[in-house]
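Asks: We have chain A already, so just place chains B and C with the ligands on it with the hints.
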Amino acid sequence: MTVPLRLGAGFVLALIYGFILLPLVVVIASSLTAGELMQFPPQGLSLRWFARFFADEALMQALVLSLRVAAVTTVAVTVIGTMAALAHRALSGWARQWLRTGLLLPLLLPELLTSIGLLFFLYRIGLGKTLIGLQIAHAVVTLPFAFVSIAAALDQLDPALEDASNSLGASGWDTFRHIVLPLVRGGIVTGALFAFVTSFDMFTVSFLLKPIGGNTLPLALFDYLSYDYDPTAAAAAAVSVVLAIAGVVVIEKLVGLRNL
Amino acid sequence: MTEVRIAGLRKSFGGQPALVDVALEAAPGEMITLLGPSGCGKTTTLRCVAGFLAPDGGDILVDGRSILDVPLRRRDFGVVFQNYALFPHMTVTQNVAYGLRVRRIGAAEIASRVAASLAEVGLTGLGDRLPRTLSGGQQQRVALARALVIHPRLLLLDEPLANLDAQLRQEMRALIRAVQRRQGITAFYVTHDQAEAMASSDRVAVMERGRVAQFATPREIYQRPVSRYVAAFTGEASALAVTLRAAHAPDRYTVGLGDAQMEVPGAAGLSPGSRHFLMVRPQAVTFGPSGIPATVREVAFFGATQQGEVELAGQALRFVTDPNERVVAGETVHVTLDPAHAWLMPEAAA
Amino acid sequence: MSAADASAARPAQEGARVPSGRPLTPSLSRKGRGRLRAGPWLLATPAIVLLVLFLGAPYVDMVVMSLRTAGHGTPYGTGFTLHHYAEALGNPVYLGALGRSLMLGAIVTAGCLLLSYPIALHLAKAGRSHLFFYAIVISPLLVGVLVRNFGWLIILSVSGPLNQVLRGLGLIDMPLRLLFTQGAVALGLIHVFVPFMVLPIAGALRKIPPDLAEASDALGAGRWFGFWHVTLPLSFPGIQAGTILVFVLSVSAYVTPALLGGQGRTFLSILTVQELLGSFAWPLGATLALVMAAAMGLVVLGFLAATRRLAERTAR
Ligand SMILES: Nc1ncnc2c1ncn2[C@@H]1O[C@H](COP(=O)(O)OP(=O)(O)OP(=O)(O)O)[C@@H](O)[C@H]1O
Ligand SMILES: [Mg+2]
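Protein chains in written order, with my numbering: chain A, -12 to 247; chain B, 62 to 411; chain C, 660 to 975.
Looking at chain A on its own, in the form it has when it is part of the complex (with noise of 0.2 Å):
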């Protein structure tokens, strides 16, 4: 290639990943701000508006059960997404095939379509505008990805590992305990990281299936949005980027990305 032509390219790039960090940049800069407007850029450097959002009762209520629901979640999916993944590796054939395809399928259909389903749905087994309810199609919509993940790592493990183990005379739990999951613990975590935070960002299906007297923290923000628009808005929204800066951090530590 010749220089100039690798100089566009640079360029053309640059551009490119500058548009995708954007929002997040501006969003956690206007976070920052010590005046009184939201504004880009900031003036002057504080936190206060970090504090105005801890001492903000209905924004901190909204966080906690954010937190509550998106830990629920993780648990119940990574579990349960795990036995799946260990039943997808068993089999072969169609069986593989159909229970890949239904398990991705949460992941392939429209969020706005699968909140309005099980809008009416739990109405009408007696679960509508309940916590339980909300928790429920938290994990529905988050367990492809805990799937995907745990899935992945099992593709990568050597299946003579587990032939070994049995003919050393390892029971099945024995060799899960020992050598499955030592070997495919990234991939787990990784399940449950993306899991927590797909289920803690989670607005459509929360916003439809919002439970009584309950917001969650995208819900509150979007409330927030509508009324009062001063940082602390963007320091919420600022919370939630180091989250995600933190859970890159770990999965790239303990599995590296590209193995995604």
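Where hints are given, some of them may not hold.
As the list claims (entries may be wrong) - Computed Cβ-Cβ distance ranges for the label pairs, DEER-style: (1) C:L754 / A:G200: 35 to 41 Å; (2) A:K240 / C:G829: 46 to 52 Å; (3) C:P869 / B:A223: 26 to 32 Å; (4) A:E44 / C:L712: 33 to 39 Å; (5) A:V66 / B:G167: 55 to 61 Å; (6) A:V66 / B:G183: 27 to 33 Å; (7) A:A82 / C:G738: 30 to 36 Å; (8) B:R165 / A:L168: 16 to 22 Å; (9) B:R165 / A:E44: 52 to 58 Å; (10) C:T966 / A:V12: 33 to 39 Å; (11) C:G698 / B:A223: 29 to 35 Å.
Worth flagging that the hints you see were computed from the coordinates, not collected in a lab.
Idealized CB from N, CA, C, for every residue including glycine.
Replies: Same frame as chain A, but now just chains B and C with the ligands:
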């Protein structure tokens, strides 16, 4: 000391037969090698014995008892895999100790047995290393130690040396054989390297498309093959069409090759008058002042030997000679065949 | 000659070493096998139950709901009717919204493709330093759509940085009204969905053996020729997957149009949610959702049919 008998073993994969009718046996302490080309069913047989696969039919008896109902983990067989299958997240010591740990054996006994096992395969001092920091040969030693430390009733090895270079292969082959003999373990060994099979087994089973074509000592397989297939798979061999003139003993015959006549050993009960094949190893061929005239087609120098092909009565015959003997392509030579390296078999067995 | 004959023909001194065991009857108990087969399905049961009950049933329920009569004081009535389909397909308000949604989907998909391909090419070249760039592409996925839209809300506002830059450059005198427009929605969605396009394309590009490019080079083809005739077609499976994903996701997107879009001529997703949550007209809402799904399905099928030959030739 374990005795094994396998009878009528069958296995298909999705309608495709992989094992048709496999019968084998191993006396206590015997090393049995399964030899054959790729896809002939060696691994499938071994995996049925190990318990990784359930056969469709037939039976496997160990010390007179069928093991088909015994779950894999209760069979107490040591398995060595082609790709070693070492647990990557465990050290050498942990790998070797694994089979003892799942048997809930005390720590002190584990430590001493692991140390003894590592010493046996020459790995003392490498216990704390992770598998990926070891060379291929070292990894295979760990795999061997791991299989042996549980005092297996049976040792199963599937091409354990396939990933090693020639030098290491020889070394490891000797090690495996030495340990197997010392501990008196009955073993099944899969390979498609005929030299490996010949050199280190008590008996060899040559497999052909899901069946055992011949099961006998290396010497018998080599010198008295039941078919051209077996002959070709156990080393270089030429097959000459000959006419059977007369039978002397049940397994001694006079055959006619062109104008010449000679006495050769052969399969029992062949009837004179029909056409048969004479299997001739290259080392049976000597050149001299008298004999059957033949034309040298090609000759190549291999250092320790000189090998090539002559045309004799219109048929190709491979030879091997001393490298210093004068053999020139295109010239006429006189061939004598040593009956000790020849074997007569019926045309059907071709 | 069978194996049994062969072993019988062994020299006698070896035969003596094998004690004759009990008669060999080719029998095989299958006890061990049933257990192995039931295991996987047992493990998959919780997932299957969850999905059948809370994904399958809700979609069935949505179809049933679309056939219900409207309720009075309740979300839906007790009778059944096709009326809502006539309404959804006959009312220009809904048809216009559907058209705008599909158009939005097309624009967003094209925009994503344009921005994603260079990135995917860059990432596919691998190398350790590219980890950093992977992180850049993946990190927005981990930040909620809401937060990302929020960034655009700040950037595009009347006093926001974009207007400031434009004014600073002297390109405009008065701040532009950028927010609450269809353009803002498209921009927001493109940003949201770029990772969904990048990852499948980068995956497809990584599967192309590097020697193909070298073969093209070796045959004397120029860079661009090689790109057009080798790299681009072979990455098509990734393009196809990304295109379908982004199109479906953007047509059905709700948050971004709600936050960045205007009040007026709006999108079908917004109208659907309004019917459901604002007017409590569940049957009509269900019908609109299904019409949207059907329209998306038709477009995707059309796309698949149009690109079938290319996809077949470049698969794997
Ligand atoms: N799990 C399986 N599914 C389907 N077919 C199989 C399976 N395992 C083996 N086969 C088939 O069974 C036949 C015998 O295979 P096997 O692995 O036993 O051969 P092999 O003698 O070990 O060959 P190699 O020397 O290449 O290892 C082959 O045709 C193979 O394709
Ligand atoms: Mg094999």
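Asks: None of the hints should be skipped; say for each whether it holds.
Replies: Now for the hints, and whether the structure bears them out:
1. A C-beta distance of roughly 38 Å is found between L754 (chain C) and G200 (chain A), which places it inside the suggested range of 35 to 41 Å.
2. Separated by about 48 Å at the C-beta atoms, K240 (chain A) and G829 (chain C) satisfy the suggested range of 46 to 52 Å.
3. Against the hinted window of 26 to 32 Å, the Cβ-Cβ separation of P869 (chain C) and A223 (chain B) comes to about 28 Å, which satisfies the hint.
4. Between E44 (chain A) and L712 (chain C) the Cβ separation comes to about 36 Å, which falls inside the hinted range of 33 to 39 Å.
5. Hint check: V66 (chain A) to G167 (chain B), Cβ distance near 34 Å, so the stated range 55 to 61 Å is violated.
6. Between V66 (chain A) and G183 (chain B) the beta carbon distance is about 45 Å. The supplied range of 27 to 33 Å is therefore violated.
7. Hint check: A82 (chain A) to G738 (chain C), Cβ distance near 42 Å, so the stated range 30 to 36 Å is violated.
8. The hinted window of 16 to 22 Å between R165 (chain B) and L168 (chain A) holds, with their beta carbons roughly 19 Å apart.
9. Between R165 (chain B) and E44 (chain A), the C-beta spacing of about 55 Å keeps the proposed range 52 to 58 Å intact.
10. In this structure, T966 (chain C) and V12 (chain A) meet the distance hint of 33 to 39 Å, their C-beta atoms being roughly 37 Å apart.
11. Separation of G698 (chain C) from A223 (chain B) is about 32 Å and conforms to the stated range, judged on CB atoms against 29 to 35 Å.
The structure does not agree with the numbered hints 5, 6 and 7 stated previously, though it agrees with the rest.
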